[in-house]
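Following the working numbering, the numbering of the sequence shown begins with 922 at its first residue and continues without gaps.
Mixed in with the good hints, there may be bad ones.
[Said to hold, decoys possible] Restricting the straight-line Cα-Cα distance to at most 16 Å, the calculated cross-link-like pairs of lysine to aspartate or glutamate (EDC-like) are:
hint, residue 1, residue 2
1, K943, D998
2, K988, D998
3, K988, E946
[Said to hold, decoys possible] FRET-style restraints, in silico, Cβ to Cβ:
hint, residue 1, residue 2, range
4, S955, G935, 27 to 35 Å
5, V941, A982, 16 to 24 Å
6, R961, G935, 24 to 32 Å
7, P992, V941, 18 to 26 Å
8, L989, R949, 27 to 35 Å
9, K988, G935, 17 to 25 Å
10, V1002, A982, 12 to 20 Å
11, N981, V941, 14 to 22 Å
12, S957, V1002, 17 to 25 Å
13, L989, D942, 26 to 34 Å
14, G964, L937, 15 to 23 Å
15, S975, V1002, 30 to 38 Å
16, E952, L989, 24 to 32 Å
17, A982, S957, 16 to 24 Å
Derived by calculation from the structure, the hints in this document are not laboratory data.
The beta-carbon is built from N, C-alpha and C at its ideal position, and this holds for glycine as well.
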Amino acid sequence: MKNLSTNATQAPAGQLVLNVDKLNELRRAHELTSDSDLARTLGVDRTTLYRVTSGGFPSNAFMARVKLAFPSVPLDDLFTVDRLVPTLHQVAS
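All chains should be modelled from the sequences, with the hints used to inform the complete structure.
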């Protein structure tokens, strides 16, 4: 079996998480008063919105939908790197 480890996979990796405070700020600014309103604006289910706003990891599709809904907001303001997750190298060890 091939050894897949590289310097990049040996370092701890981060995961992007939603900046809930920023999303709530945008929600107020756009008068999205309910979870249903926000979910509809983002084009996601309310259950997906709840999962991500409760600390779950957003999918790439979710991140893209948030960015598309609020195009003038920098991605770095919408999501932050959080929680170290194991890399392929760490899992294989």
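Structure-based check of all given hints:
1. K943 / D998: Distance of about 7 Å is within 16 Å: holds.
2. K988 / D998: Since the Cα atoms of K988 and D998 sit roughly 10 Å apart, the hinted pair holds (cutoff 16 Å).
3. K988 / E946: 15 Å, holds
4. S955 / G935: 27 to 35 Å: 32 Å, holds
5. V941 / A982: 16 to 24 Å: Taking Cβ atoms as reference, V941 and A982 lie about 18 Å apart, which means the hint holds.
6. R961 / G935: 24 to 32 Å: Between R961 and G935, where Cβ atoms are some 30 Å apart, the hint holds.
7. P992 / V941: 18 to 26 Å: 20 Å, holds
8. L989 / R949: 27 to 35 Å: Violated, at about 20 Å.
9. K988 / G935: 17 to 25 Å: 19 Å, holds
10. V1002 / A982: 12 to 20 Å: Hint holds: Cβ distance 19 Å, inside 12 to 20 Å.
11. N981 / V941: 14 to 22 Å: About 19 Å separates the Cβ atoms of N981 and V941, which means 14 to 22 Å holds.
12. S957 / V1002: 17 to 25 Å: 30 Å, violated
13. L989 / D942: 26 to 34 Å: 20 Å, violated
14. G964 / L937: 15 to 23 Å: The hint (15 to 23 Å, Cβ to Cβ) holds, given that G964 and L937 are roughly 19 Å apart.
15. S975 / V1002: 30 to 38 Å: Violated - the Cβ-Cβ distance for S975 and V1002, about 18 Å, lies outside 30 to 38 Å.
16. E952 / L989: 24 to 32 Å: Distance hint for E952, L989 is violated at roughly 19 Å.
17. A982 / S957: 16 to 24 Å: Hint holds: Cβ distance 19 Å, inside 16 to 24 Å.
Against the hints set out earlier in the document, violations occur for numbers 8, 12, 13, 15 and 16.
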